[in-house]
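Spelled out from the first residue to the last, the chains are:
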Amino acid sequence: MTVTAERRVERIAADFPILARPTSRGKRLVYLDSAATSQKPRAVIAALVDYYEQYNANIHRGVYEIAARATAEYEAARVKIARFIGADVSEVVWVRNTTEAINLVAYSWGNANLRAGDAILLTELEHHSDLVPWQLLAQRSGAELRFIPVDERGLYVLDDLDELLDGCKIVAAAHVSNTLGTILPLDTIVSRAHAAGAVVLVDGAQGAPHLPVDMKALDCDFYTFSGHKMLGPTGIGVLYGKRDLLEAMPPFFFGGDMIRKVEYAHSTFSDPPRKFEAGTSNIADAIAFGVAVDYLERVGMPWVREHERLLTAYALERLAPFERRGLEIYGARDPELISGVISFNLADVHAHDLASILDTEGVCVRAGHHCTMPLMDKMGWAATARASFYVYNTEADVDALCVGLEKAARVFGI
Amino acid sequence: MTVTAERRVERIAADFPILARPTSRGKRLVYLDSAATSQKPRAVIAALVDYYEQYNANIHRGVYEIAARATAEYEAARVKIARFIGADVSEVVWVRNTTEAINLVAYSWGNANLRAGDAILLTELEHHSDLVPWQLLAQRSGAELRFIPVDERGLYVLDDLDELLDGCKIVAAAHVSNTLGTILPLDTIVSRAHAAGAVVLVDGAQGAPHLPVDMKALDCDFYTFSGHKMLGPTGIGVLYGKRDLLEAMPPFFFGGDMIRKVEYAHSTFSDPPRKFEAGTSNIADAIAFGVAVDYLERVGMPWVREHERLLTAYALERLAPFERRGLEIYGARDPELISGVISFNLADVHAHDLASILDTEGVCVRAGHHCTMPLMDKMGWAATARASFYVYNTEADVDALCVGLEKAARVFGI
Amino acid sequence: MDDFYRDYILDHYRHPRNFGELANADVEAEDLNPLCGDQIRMQLKVDGGRVGEVRFSGKGCAISQAAASMLTERVKGMTLAEIAKLSKDAVLEDVGIGISPTRMKCAMLGLRVLKSAAIGELAGWPDEE
Amino acid sequence: MDDFYRDYILDHYRHPRNFGELANADVEAEDLNPLCGDQIRMQLKVDGGRVGEVRFSGKGCAISQAAASMLTERVKGMTLAEIAKLSKDAVLEDVGIGISPTRMKCAMLGLRVLKSAAIGELAGWPDEE
Ligand SMILES: Cc1ncc(COP(=O)(O)O)c(C=O)c1O
Ligand SMILES: Cc1ncc(COP(=O)(O)O)c(C=O)c1O
Chain F
1 MTVTAERRVE
11 RIAADFPILA
21 RPTSRGKRLV
31 YLDSAATSQK
41 PRAVIAALVD
51 YYEQYNANIH
61 RGVYEIAARA
71 TAEYEAARVK
81 IARFIGADVS
91 EVVWVRNTTE
101 AINLVAYSWG
111 NANLRAGDAI
121 LLTELEHHSD
131 LVPWQLLAQR
141 SGAELRFIPV
151 DERGLYVLDD
161 LDELLDGCKI
171 VAAAHVSNTL
181 GTILPLDTIV
191 SRAHAAGAVV
201 LVDGAQGAPH
211 LPVDMKALDC
221 DFYTFSGHKM
231 LGPTGIGVLY
241 GKRDLLEAMP
251 PFFFGGDMIR
261 KVEYAHSTFS
271 DPPRKFEAGT
281 SNIADAIAFG
291 VAVDYLERVG
301 MPWVREHERL
311 LTAYALERLA
321 PFERRGLEIY
331 GARDPELISG
341 VISFNLADVH
351 AHDLASILDT
361 EGVCVRAGHH
371 CTMPLMDKMG
381 WAATARASFY
391 VYNTEADVDA
401 LCVGLEKAAR
411 VFGI
Chain R
1001 MTVTAERRVE
1011 RIAADFPILA
1021 RPTSRGKRLV
1031 YLDSAATSQK
1041 PRAVIAALVD
1051 YYEQYNANIH
1061 RGVYEIAARA
1071 TAEYEAARVK
1081 IARFIGADVS
1091 EVVWVRNTTE
1101 AINLVAYSWG
1111 NANLRAGDAI
1121 LLTELEHHSD
1131 LVPWQLLAQR
1141 SGAELRFIPV
1151 DERGLYVLDD
1161 LDELLDGCKI
1171 VAAAHVSNTL
1181 GTILPLDTIV
1191 SRAHAAGAVV
1201 LVDGAQGAPH
1211 LPVDMKALDC
1221 DFYTFSGHKM
1231 LGPTGIGVLY
1241 GKRDLLEAMP
1251 PFFFGGDMIR
1261 KVEYAHSTFS
1271 DPPRKFEAGT
1281 SNIADAIAFG
1291 VAVDYLERVG
1301 MPWVREHERL
1311 LTAYALERLA
1321 PFERRGLEIY
1331 GARDPELISG
1341 VISFNLADVH
1351 AHDLASILDT
1361 EGVCVRAGHH
1371 CTMPLMDKMG
1381 WAATARASFY
1391 VYNTEADVDA
1401 LCVGLEKAAR
1411 VFGI
Chain L
2001 MDDFYRDYIL
2011 DHYRHPRNFG
2021 ELANADVEAE
2031 DLNPLCGDQI
2041 RMQLKVDGGR
2051 VGEVRFSGKG
2061 CAISQAAASM
2071 LTERVKGMTL
2081 AEIAKLSKDA
2091 VLEDVGIGIS
2101 PTRMKCAMLG
2111 LRVLKSAAIG
2121 ELAGWPDEE
Chain E
3001 MDDFYRDYIL
3011 DHYRHPRNFG
3021 ELANADVEAE
3031 DLNPLCGDQI
3041 RMQLKVDGGR
3051 VGEVRFSGKG
3061 CAISQAAASM
3071 LTERVKGMTL
3081 AEIAKLSKDA
3091 VLEDVGIGIS
3101 PTRMKCAMLG
3111 LRVLKSAAIG
3121 ELAGWPDEE
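Protein chains in written order, with the numbering used here: chain F, 1 to 414; chain R, 1001 to 1414; chain L, 2001 to 2129; chain E, 3001 to 3129.
By construction, these hints were calculated from the structure, which means they are not laboratory data. Do not rely on the hints blindly, as some may be mistaken.
One side of the interface only, derived from the structure: several residues of chain E facing chain F at Cβ under 10 Å [stated by the list, open to error]:
hint	residue
1	3004
2	3087
3	3102
Every residue gets a Cβ at the ideal spot worked out from N, C-alpha and C, and that includes glycine.
From just these sequences and the hints, can you work out the full model?
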């Protein structure tokens, strides 16, 4: 990294209060688990405080001043998200997280459109959240589940894509794999799926935080993501859907704020996106998610991608010497093909033990199956350790990871 | 109110930063819309900041220090909620809000248990969130919707209860009406519903915040409530369900964190409550909700009820002179029968205009149908203004409401 | 908002102009503001391409009813195409300043209903260009 | 946690005692920790009411495997009722202090499996009281 780039990252890191707090062992916090959840900049935390201290009120129906402000800021956050992903504001539905967004589509769109004999096409890399809802839809509807295979590096094998798409009504695939970082060849998938008459849901939980995305350009039908993985608070996420699809879908949750007219016997409903947002929204977190997106736009998503690409390249280079001592790195080694995620194991040290030892050095990595059990089974990995990068990570963080690996090797006598 | 009681409320009000901020017109903020959403004490806001600044991490699977702390605090919050409502910790399911909780039951329990010919019994007072999900369940299952009637004061008419319960599988009713404050005769409803073989869901959105509740004593089967109406943040709520019911219910959302084992073709699931909590939880808000409940326990729920009872009595007394000038007060006038909610209209002043004029005096009341359109139609009210009280409201707030009513009367030449 | 409720607004609220039903209207539409329950119906008689008679009915707050009442006075003699092009400013000009954002929907309800009546009717016409 | 990975832990991890399968076990159980994938199976031969042979198999982290290995050494000669009453402290005594809360589940997996085997078997017995 150049000195200027390094400075820029340090300035960014300084915006994240948690990164300035040493661990209980007095170590610097080296947070390499952003694929699980990201840290939050001061501005996002401040947005929550501002809301609760200055204008907390229920929205849409309040006549008084703070209710008007809460409504305005909440809807302004939706506009920010829409702009961030290149969508129309009516196409942005607030949900709790990616998991809810995918379930909503599997229930609402899925129940209305899937029949016995149809097929649902996933990939072998999917997170449980983009797999299990479709298993249940398949059970309910009698549709068949199919999988785009991946090779031993986690790269998609598209040779049989057209056969897989035959009779397929929906393709659901992760924009970026949370276990291996593999980036989906979205252009190919979307154009061929559309040619085959299937709609495409992209699980963007690891996409929107790390890559520039534009719904018009991607042309997928649904895109789902979670605020907490992209500098926003927990409890808020987004389902993007093309307007005509959202309009045709039956509402899913029923209650306050999504209705047009209610009588004792029956009801009529609002237009999208409101028709999918029943009950009091997560107002504060939606507003704070808007502020997170402001932050990412200020940093610039192309810069985010480039920063992670460079850091991944640096990490692969720094990890290479450990390979002689039994370090195994999974997934594609080419930073062009992956986002900032590296899965690995060190000799016979179990991933959990590795993570525990890294923790003593202040280094936070995830260990386990990363909610991709079937992939782990297929690959024959019991568990992996995973380091994942984001805007605030520096080369010094990668160096700290290496110090931790040294320690683990020493403890385990490797 | 005695001087000591008044002091106590003032001390409580001082814990709520928003109440110290004047409106843009320089008026004291007089917040009388807690039935829509409550304000938050400093401790709850601080809990959010602490989480994000000190130990933000994804839970349950993290090995490192901040993940361990996040998991511990998140599960400790569940224990607090369980204790607060007298439930077992395994019976407390985190959801976004009351609306989601009721929808979850209508889908998961409802689809599994309702058949054509069965009946669903509601009341005429229900909020849309406890009405529309059942309308749709009735449509899906062919079950019949029935309603416990209310009289012109919003009091339940239970004369035909046994007939209404005949063939009934589930009774769903608000613990407290958000429009009129009517308190449900829970003992009667629960015991007679159980005798008739029906389960009982209590919509506690206005119950848990305002009345002492104990699941063992109430003996209802499901109880639902929202954090934001009881000093907690937006985006978090609870579904309480008796353990055997939760165990028998199929899971509803599928994805990360609610599974036991996933293969490409099928999956098995965790025990309750986790089996209903798919994807990354609203960690920060769950923790802060725990802190809100700590606050309410410190204040004491019996005190909350008593405080609101006294304040309602005071308000009814202060409002009485306006009745000669066309003020209409709806609902039962007896503070023993209602929780701290008063719905009213002033002569020919539309509720929205009234709320707008009150707003100029810093007084926040809700105006409209309060998400109870069918009730409004039945009663023949186009809209009502509603003042609702909570722990931080004082007699001075009621006095400010009266000043606002004077102004409205003057403006409208009444 | 303080001084929004001027005498002429209250006058229109309590004595709405052109209030009632037309026996055989050429054009009509109706809508409600689901968030507050305000309801308005607009009916037009069109003579020689221009609005001859106009009536509104409904119920709601002073803002929605007064704005609708004033609007009916404004549109007499207009063509449907002119109505379809009416802007919010026309309403704001009538009712005066000082409407808070939360009440804007109330003020615009009459306009929305009137325009949807006009546009719906225009859409039914054979395309002239 | 720093000093948790002592030599004897690593020794049990790499050279687990009583590891393998029993051809005809009287009692057995198996479970996995769904959050990390650790898996353990425990098998017992019961002779005259007491554990004669014991074997465990599975895969997982040093903590779960070493704790299970040490546990198998501890339970030889115990009655099933004694096993059913074994407390967490027994495991903590074996593995030493310093297990972080996040890893407690790993340490206790073997105990959980063993106890569920014993309790399951006990439940199958005719009630003696
Ligand atoms: C009685 C009642 N039920 C249900 C709800 C819905 O609560 P929420 O919007 O938090 O889902 C409310 C609040 O608006 C309510 O007052
Ligand atoms: C690829 C992918 N999909 C879906 C999810 C689920 O996201 P959430 O837990 O926010 O619903 C995650 C994150 O855990 C993920 O990485």
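Would the hint on residue 3004 (chain E) be counted as holding, given a Cβ-Cβ threshold of 10 Å to chain F?
holds (7 Å)
Under the criterion of a CB-CB separation shorter than 10 Å, is residue 3087 (chain E) in contact with chain F as hinted?
Result: violated, 24 Å to nearest chain F Cβ.
Status of the hint placing residue 3102 (chain E) at chain F (closest C-beta pair under 10 Å):
holds (8 Å)
When the structure is compared with the earlier hints, a violation turns up for hint 2 alone.
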